[in-house]
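Undergrad: Generate coordinates for the entire structure from the input sequences, incorporating the hints supplied.
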Amino acid sequence: MIRTQSSRQLSIAEFDWPFQTALDEQNRWVKMSDCIPWDELAEAYYKSLSSTQGRPTQDARLVIGAVIIKHKLCLSDRETVAQIQENPYLQFFVGLPGYQMEAPFAPSLFVEIRKRMGQTVFDVFYDAVIEAVEKSKQKSTLKKKSDKSDDDDNAPPGFSDKDPEPAKAEPEHKGKLILDATVAPQAIRFPTDLGLLNEAREFSERIIDSLFANTDLKSKPRTYRQKARKAYLAIVKKRRPGAKLVRKTTPWRLAPGYPPRTEYGHALTRPGRRSPASVPA
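The numbering of the sequence shown is our numbering, which starts it at 9 and goes up by one.
Certain hints may be false.
Unchecked claim - With a straight-line Cα cutoff of 25 Å, these simulated SDA-like cross-link-like pairs (lysine to any residue) come out:
(1) 246 - 210
(2) 228 - 218
(3) 78 - 132
(4) 143 - 76
(5) 80 - 107
(6) 246 - 218
(7) 123 - 81
(8) 256 - 200
(9) 245 - 256
(10) 78 - 56
(11) 55 - 36
(12) 147 - 134
(13) 228 - 208
(14) 152 - 36
(15) 153 - 140
(16) 78 - 115
To be verified - Okay, the calculated beta carbon distance ranges per label pair:
(17) 79 - 214: 39 to 49 Å
(18) 224 - 255: 58 to 68 Å
(19) 186 - 31: 45 to 55 Å
Think of the hints as simulated: they come from the structure by calculation, not from any bench. C-beta: ideal position from N, C-alpha, C; glycine also.
TA: Printed below as a string of structure tokens:
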């Protein structure tokens, strides 16, 4: 069941603070609360809830604000609730009317929040927040331009920004700059023994295909590449295959001619031996 409160933005001066020291209006959480479109986010959040059935829900701003705090500070569920409980600015950010000593909700509520929201609601949150931030930036830019124009109007006569500036001297040549890029990050995977063995098998199979095209043989030697590929993926997909399994499997299952029990397998995997069926007389 949906339980809502007034969406009117509470100012930091109206926040019930039991101490004599006033809260800072320039705090980042106070500024962020002014930028976020709480009504749009609440509308997207309430779409997945029923207005007549179920227990009363927490206020949408409390839930959405807690999710934003959790992801912005990279906190766990328990630590997020603890930070809100201890920080008055975070309590103001999530829409509480005043400072309170108890936790706003149990940390286990985050599990239900993630189930309710899903990826669709998170996408709506992301788009709404980005749009609000862009509007805030545009307002600040227009304010700076208006302040600058006021300063130009109050400037003494004979001074103008439009006056040509004196020509700047050409910069002097100070020498040559050499940049060392040896430590630049590169997208190079770690060359594991298993990966190198699989690449060698695939390369050997390509060699066999190219050599067979230039011979008079009617049938291509069996390499069992599909089974070898399957055996390779069975080991790679394991999170921890274990040294015993790798040592037992890789030497012969990933070699060309898997399995090496046939005549072709012996001819390809054991040097010095030739298969009479595959080598012309």
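Undergrad: Which hint numbers doesn't this structure obey?
TA: 6, 11 and 18
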